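One letter stands for each residue in the lines below.
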Amino acid sequence: KMAAGGGWPAVCGKFRAARTLSAVESLKDPETEPYRSKYSARALLQEVKQLLSAAEEGGEERVLAVRQAVLEYELGVNHTDTEELSAGDEHLQRCTQLLEPHRLSPDCVSLYIQAQNNLGILWSERDDIETAQTYLESAEALYNQYMKEDGNPPLDPSEHFMPEEEKLTDQERSKRFEKAYTHTLYYLAQVYQHLDMIEKAAQYCHTTLKRQLEYCGYYPVEWARNAATLSQYYLSKECFMEARHCLAAASVIFSQAGNVPSAEDIDETEQEQHDLPERKAEIARCWIKYCLNLLQSARKLLEDNIGELDPDRQLELKAQRKKEEDEKEKGRKKAVLFGTSDICDSVLAMEEKVSSVYPLDFQEAREIFLVGQNYVQEAKEFFQVDGYVTDHIEIVQDHSALFKVLAFFEEDYERRCKMHKRRIDMLEPIYADLNPQYYLLICRQLQCELADTYYEMMDLKVAIGNRLEKLDSHTVKKINSLAQFAIKYYELFLDSLRNPDKVFPEKLEEDVLRPAMVAKFHIARLYGKLITSDSKKQLENMQTSLEYYTFLVDYCEKYPDAAPAVETELELSKEMVTLLPASMERLRAKLSPCV
Amino acid sequence: MAGKPRSGCEALRVVARCRPMSRREEAAGYERVLELDVKLGQVSIRNPRAAPGELPKTFTFDAVYDASSKQADLYDETVRPLIDSVLQGFNGTVFAYGQTGTGKTYTMQGAWAEPEKRGIIPSAFEHIFTHISRSQNQQYLVRASYLEIYQEEIRDLLAKDQSKKLELKENPETGVYIKDLSSFVTKNVKEIEHVMNLGSQTRSVGSTNMNEHSSRSHAIFLITIECSETGPDGEEHIRVGKLNLVDLAGSERQSKMGAHGERPKEASKINLSLSALGNVISALVDGRSTHIPYRDSKLTRLLQDSLGGNAKTIMVATLGPASHSYDESLSTLRFANRAKNIKNKPRVNEDPKDTLLREFQEEIVRLKAQLERRGMLGKKRRRSSRRKKAMDGEGAVENEGEDDNEDGLEKNMENYLKEQKERLEEEKAAIQDDHSLVSEEKQKLLQEKEKMIEDLRKEQEATELLAIKYKAMESKLLIGGRTIVDHTNEQQKMLELKRQEINEQKRREREMQQEMLLRDEETMELRETYTSLQQEVEIKTKKLKKLYAKLQAVKAEIQDQHDEYIRVRQDLEEAQNEQTRELKLKYLIIENFIPPEEKNKIMNRLYFDGDEDQWKFQPLVPTGGNSSQMKRRPTSAVGYKRPISQYARVAMARRAHPRFR
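From first to last, the protein sequence lines are chains Y and G. First residue of the first sequence: 1, per the numbering used here; consecutive thereafter. First residue of the second sequence: 1001, per the numbering used here; consecutive thereafter.
FYI, nobody ran anything at the bench for these hints, they're computed from the structure. Given the structure is predicted, the values throughout are model-derived calculations rather than measurements. Please note: incorrect hints may appear among the correct ones.
Simulated restraints, written as ranges between beta carbons of each label pair [as the list claims (entries may be wrong)]:
{"hint": "1", "chain 1": "G", "residue 1": "E1152", "chain 2": "Y", "residue 2": "Y39", "range": "45 to 53 Å"}
{"hint": "2", "chain 1": "G", "residue 1": "R1032", "chain 2": "Y", "residue 2": "E199", "range": "46 to 54 Å"}
{"hint": "3", "chain 1": "Y", "residue 1": "P505", "chain 2": "G", "residue 2": "K1498", "range": "38 to 46 Å"}
{"hint": "4", "chain 1": "Y", "residue 1": "R514", "chain 2": "G", "residue 2": "E1152", "range": "32 to 40 Å"}
{"hint": "5", "chain 1": "G", "residue 1": "R1288", "chain 2": "Y", "residue 2": "T550", "range": "28 to 36 Å"}
{"hint": "6", "chain 1": "G", "residue 1": "T1300", "chain 2": "Y", "residue 2": "A10", "range": "51 to 59 Å"}
{"hint": "7", "chain 1": "G", "residue 1": "A1553", "chain 2": "Y", "residue 2": "L301", "range": "52 to 60 Å"}
{"hint": "8", "chain 1": "G", "residue 1": "R1288", "chain 2": "Y", "residue 2": "I306", "range": "19 to 27 Å"}
{"hint": "9", "chain 1": "Y", "residue 1": "D304", "chain 2": "G", "residue 2": "R1288", "range": "18 to 26 Å"}
Calculated from the model, a selection of chain G residues having no Cβ within reach of chain Y, i.e. all distances over 12 Å [what the hints assert, rightly or not]:
{"hint": "10", "residue": "R1046"}
{"hint": "11", "residue": "A1067"}
{"hint": "12", "residue": "S1135"}
{"hint": "13", "residue": "S1145"}
{"hint": "14", "residue": "A1283"}
{"hint": "15", "residue": "S1331"}
{"hint": "16", "residue": "N1349"}
{"hint": "17", "residue": "E1363"}
{"hint": "18", "residue": "K1458"}
{"hint": "19", "residue": "E1501"}
{"hint": "20", "residue": "Q1559"}
{"hint": "21", "residue": "Q1579"}
{"hint": "22", "residue": "K1601"}
{"hint": "23", "residue": "S1645"}
Don't be surprised by glycine CBs; every beta carbon is placed ideally from N, CA and C.
Let's have the full structure, built from the sequences with the hints guiding it.
Quick look at the structure:
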């Protein structure tokens, strides 16, 4: 039928040559002529187009229209790639116009979706993300409609220029079609992200991951890392069930790495093998965050206004949980489940190792804590101090935070104190090793955390002491030394704010404002709590305490915008500044008659 | 010497440089859109597509260099003080930022062959070694490394095995470093240039597509200068300065690759490759209480000290003047303008623990001691050789040439060895001559002597080796004045000082001029004594023009703000209409379908939770109290303890039946 230019096989040959030029050769183009191959490909496509229109009379109208659409599509993509957006737009529009009546038939649907994908990309290049969204969403809708009404593997666009004997198998067709749709979803995820529709973006990322798994288009390590990252998104939304599912899937898929060769070719196997321990440790860190966040959220639910466990809330939540247990599980799951059945089973087995509901008592909290602690060990195996200082310390800080939140669930004060001691034992040696010149920020964090921990321990010891009939000297000593340590670390932190000439800054930077003020406030309180039998000494401590309170009050007077950051502390300080002098006066009065 | 930090804090110095129009651009008839005011340090850029009334945007930098500027101008005015600081033990970084083809590499490297066109890197080499040669009582050790970051992988350009990827590591004591990065100790300009060329060669050979590669990879040339000096306290102090010379990838690439490091907000492009899915996901995660398993970019981590840390940093923003690169030039200028706000806290690195210089010095001391033990250093020769003799158990008194002149190790060594050998030979001869000895004994003694000669030879070899090593070590340490005989030292030093002063002066002048411009309006009034009416008119016109321009700028600003405002208002209006509609619908539903008493009940239970920003129901049963505070059961009927049936009431009224009481 094809008269001109050597007939149909020649046309097919040209078309194929154009595609190779554009996909393979163009990667090798020199910087000075970045689009050389693309331009040659374009020329070829134009030729094919002319040949086609020359043969117009002979062919069947429908077939011809589709072939023209394929060419328009290729030309459109070519123009978009070479930064000629308006020309690209025209070609792609013509392509969709040609296909419009047949868009639901198996020979057109894939091409139509891909054309719309490319229109989406094109409009995003023009910074018009809303238009891109309409194209992509309509592509998504078309896929769904086609799958509902027909569902047979449709033709790949390139098949329209293939001799009959080379046509693809159904399996290959389906694979390419699904891949095109996966890309639609992936682009939509980005569109939603740019439009700040974070939840939708996450949902589409999730679906993209899911489809990668279903159609075997993934590198296990990379997939696992992405799933682990997505779990962190769910954490920030307090969706622990979803987060756990992502993490469990990440762990399962990761364990496949190196065992099962994936469908995609892997060139950098060696490099990947080399990175495996690090990736594994990264996933472990995501698990740590999962445990930590779950515990901390539970704590937030359970604590009363002074940060202690509220037994009424506990009872209430327990009752509520019993009621909801069954319904909830079923409702959410089917939407997010990853993978085929065998993968799914291992994921579920993995999930069972740790709960995804809020722990409500010490026993439950401890189980989650232990899982978290295991992952801490695993992560630390790779992220050792020597070589990974920042990462290592972050892990240790998480470990400490795990202990801190576990202590909340513990009722026995002595045991709680021991947990805080564990925190001190892990933080102090690391702090001592650090050079503040290079790790100033981390040093400050550690100083504050150490100080807070000592402070908490002291509070606990005081509480224990109050239960006794009389404070024995041992407890007094303990309380005082804990208070001294807390003061020491707060002072170290405050010293780190001084400039090289050792002068405390006149005005505090915003990022250190609250920590610095709280440090001052706590030091003031600690001086107030120091126990001494020597009244003179006591007077001195009160004086120091007063000075720190006064600093807080004066500072906020001088810089009123600092006040909101330390509202409660400021209020208390103001009170103390008025009260302390009076009690000091009383003490002095008591003191003088003796002298 | 210049630019001492006043309060320990120092802003990043940002300079802009514009290349001339290329022939191709001129031929194509592109307009110039950049105007540079060298005196004021200002760059103004005009939008070629702008409406006629629109004013050019102006940016002010520490210095600007126009097309006519020489390489030496940039170096002397801007870079030289930084290199001086590095020699004093500060960390320093120079990096070039800009679109590909605006002259980053020309600025950093330049044309090596022509002294006029040498860039920052070769000039810095020259500067460093000249400084060292003129110093006094100081020991220097200069090391150079050269690396490249390409697609988040670090390559050592000086290593033999190029396939190896290096890792960024951290040490608690010394911060971020690159594991196994090779570094070469260099003794003079030639050697360090050689290192540089070697690296540049590997850089171009290692990739199949040089152009693509170079514009996508960052190259960092790292010079570490260790300097030891005896301080006033009599102790030796070591200072270490590190100089990073960075040739960044083309800025247009960075925005296109966008995913690394900071996420540019304005880019709403879609990433085509599924391999970037990770970036998309991690962009969704809020980092506070979570872990994102994607490392921040290697470049940022490596230069973290230079950007807001312990370093003095200069950024050279390179620009193209033609209209077709307007967008890129503008984004480069904006970036540079933001970079001005970065504050560094440079500090002299004094007496760090891990200096190579100290290692070398210790090694040299050790070798020296070893040599001395072998008796190879003049002064101690006698004593040690005597000790040796004593050990050998020979009491013979040898005659020694009392040559205490220390004109070289070899000579001493040779003398000593020759003597020893001669003596042994002599003794050997003596033994052979001594007929009184039994032949067996003679043989034995002879053998002994042979052995001693052999030992001596070995010792000689070992000593030679040691001496060579010692020499090699010592030669690596550079000591000023001695290494290079420079007669014109003093004069050149003076010259340099003067030049520096001039540059400093220039800079101050520029700063003052910038200041002046600001105060111009205020001072105008003070100068308002006119000699003639004409002059008055002239000055007033000038003033008017200036004010008019300013007015125009402000007007443009206002227009921008106004447009923005209208847009926001329209959005809000739309949102409000939407909500009103919604609300009306809800009201309609409530009115028509919900009985008023139910509505009231619900209304009473509603309260607003400010934390979660939404309305909530108060629980039916008040919480907070314990379960004993449950609402009491309603009494059933008036006056009775419990619900009671009609029949029971009648029964109760009739008689006191115990059952119904």
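For each hint, the structure was consulted:
1. Taken as a hint, the range 45 to 53 Å is violated for the pair E1152 of chain G and Y39 of chain Y, whose Cβ atoms sit roughly 31 Å apart.
2. Range check, R1032 of chain G to E199 of chain Y: about 49 Å between beta-carbon atoms, so the 46 to 54 Å window is met.
3. The supplied range of 38 to 46 Å is met by P505 of chain Y and K1498 of chain G, whose beta-carbon atoms lie about 39 Å from each other.
4. A beta carbon spacing of about 36 Å between R514 of chain Y and E1152 of chain G agrees with the range 32 to 40 Å that was offered as a hint.
5. A hinted range of 28 to 36 Å for the beta carbons of R1288 of chain G and T550 of chain Y is consistent with their spacing of about 34 Å.
6. Checked against the hint of 51 to 59 Å, the C-beta distance between T1300 of chain G and A10 of chain Y comes to roughly 54 Å, which is consistent with it.
7. Between A1553 of chain G and L301 of chain Y the beta carbon distance is about 56 Å. The supplied range of 52 to 60 Å therefore holds.
8. At roughly 24 Å, the beta carbons of R1288 of chain G and I306 of chain Y sit within the given window of 19 to 27 Å.
9. Between D304 of chain Y and R1288 of chain G the beta carbons are some 25 Å apart, a value that agrees with the proposed interval 18 to 26 Å.
10. Taking the minimum C-beta to C-beta distance to chain Y, about 22 Å, the non-interface status of R1046 of chain G holds against the 12 Å cut.
11. No Cβ of chain Y approaches the Cβ of A1067 of chain G within 12 Å, the least distance being about 23 Å, so the stated non-interface status holds.
12. At roughly 26 Å from the closest C-beta of chain Y, the C-beta of S1135 of chain G stays outside 12 Å, upholding its exclusion from the interface.
13. Annotated as non-interface, S1145 of chain G keeps its C-beta farther than 12 Å from every C-beta of chain Y; the closest such distance is 19 Å.
14. The beta carbon of A1283 of chain G sits about 6 Å from the closest Cβ of chain Y, which is not more than 12 Å, so the claim that it is off the interface is violated.
15. The beta carbon of S1331 of chain G sits about 14 Å from the closest Cβ of chain Y, which is more than 12 Å, so the claim that it is off the interface holds.
16. Taking the minimum C-beta to C-beta distance to chain Y, about 8 Å, the non-interface status of N1349 of chain G is violated against the 12 Å cut.
17. E1363 of chain G, annotated as away from the interface, keeps every beta carbon of chain Y farther than 12 Å; the closest lies near 24 Å.
18. Under the 12 Å C-beta cut-off, the non-interface status given to K1458 of chain G relative to chain Y holds; the minimum distance is some 42 Å.
19. The Cβ of E1501 of chain G lies farther than 12 Å from every Cβ of chain Y, with a closest approach of about 27 Å, so its non-interface assignment holds.
20. Listed as a non-interface residue, Q1559 of chain G keeps its Cβ farther than 12 Å from every Cβ of chain Y; the least gap is roughly 21 Å.
21. For Q1579 of chain G, the non-interface assignment is confirmed: its Cβ lies about 19 Å from the closest Cβ of chain Y, beyond the 12 Å cut-off.
22. Separation of K1601 of chain G from chain Y is adequate, the least Cβ-Cβ distance of about 23 Å exceeding the 12 Å criterion.
23. Listed as a non-interface residue, S1645 of chain G keeps its Cβ farther than 12 Å from every Cβ of chain Y; the least gap is roughly 35 Å.
Taken one by one, the earlier hints fail for this structure at numbers 1, 14, 16, listed in ascending order.
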